[in-house]
Amino acid sequence: MTKSSTELLNWMKENQIDTLICQSRANVYYLTGFDTDPHERLVAIFLFENGDEFFVCPNMEVNQVKHIYSGGDIIGYSDTDNVWQLIKEEFNKRNIPMKKVAVEKSLSWDRMKEIQQFNGDVELFEVDEAILNQRIIKSEEEVVHLKEAAKLADYGVKVGVRALKEGITEMEVLATIEYELKKKGIREMSFSTMVLFGEKAGDPHGNPGNRKLKKGDAVLFDLGVVCNGYCSDITRTVFFDHVKEEDQEVYEVVLSAQEASISLCSPGNKISQLDAAARQKIADHGFAEYFPHRIGHGLGIEVHEYPSLNATNNSVLKAGMTFTIEPGIYVPNKVGVRIEDDVLITNDGHELLTKFPRALTIVPCT
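Take the sequence shown: its letter number 59 is residue 59 in our numbering, and every next letter is one higher.
No lab work stands behind these hints: they were computed from the structure. A few of these clues could be false.
Here are the simulated BS3-like cross-link-like pairs (lysine-lysine), alpha carbons at most 30 Å apart as the crow flies [unchecked claim]: (1) LYS88 to LYS66; (2) LYS158 to LYS215; (3) LYS147 to LYS158; (4) LYS355 to LYS212; (5) LYS100 to LYS88; (6) LYS158 to LYS184; (7) LYS183 to LYS355; (8) LYS355 to LYS147; (9) LYS214 to LYS182.
Beta-carbon label-pair distances, calculated as ranges [said to hold, decoys possible]: (10) SER315 to HIS293: 13 to 21 Å; (11) PHE125 to ASN95: 19 to 27 Å; (12) LYS183 to ASP37: 18 to 26 Å; (13) PRO38 to ASN210: 29 to 37 Å; (14) THR366 to ASP37: 39 to 47 Å.
By construction, the Cβ of each residue, glycine as well, lies at the ideal position given by its N, Cα and C atoms.
All chains should be modelled from the sequences, with the hints used to inform the complete structure.
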């Protein structure tokens, strides 16, 4: 049983839960170290109040699981098996009552009905909150992985900046970034990479396309990688050939907003303070209506996880938390600037995991 599973077992005992079932990709990885995209097939970890557990996966995954998972039995199944019948047999062998069962919100209706058929009196409880709160504080090993992911995100931006030349398209730059990261061994991006030129950066989550780079354009990069199961997320905005005076003002306001927020990243401060500090800086310069999102989000196995860094979250910062700080100003059809970094809360302050320069950068047209 992993440390993560042991902590969850304590929660089960406190809440008199006899069975816990996790089948989301993120939580299966968190509890077992095994990562796969199962598509429609069931991959799940079953934990029991008595400390017993077993793992269910397709036969095609069993060999990989054996090299990673040692917490209990591995139940493999073929595409012609009734996997829920196999699971029921395992429950019967273990004499598990299955009266109070904790499941994830993402559990499908069909799977929920299968569980309910095991025992007509079964009570279902949600486990998401417990696991997500547990995942907020990162272990030393998790921090190592997050730092590796952040370093590669920095590299991705560096590649993107070097690729800029007049007439190149957003998609061409995007493809170059992802190609070079794959050469570094990255199998998966944290999310769909964004490269946005000029007025297209005015949409916070715009879609890259065939827009060609022109002199005077802002270029917004938003990207992240998955490294050893952990995500990074960085945004940088640079300018090509020259920067317009009004765009420079926007950039300087966003940078000052980020610095104000980051300066409060210490144990004991409230999350809401981080949002308020950045929002006030932006409002003071008359851009309040152009900052439409929260200041950041938790970061870990998933690119968006707890905590949510918004204006109403009064949770206190604790050492081991990792999250993004990403203020932005987006003027529709004109310009958009976002600066985003990954932050680790330490015992006496914070550490920036992403380190690509944040000073205003003008990329020469060569």
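Taking each numbered hint in turn, which are not upheld by the structure, reported in ascending numerical order? Checked against the structure, no hint fails, so every one of them is satisfied.
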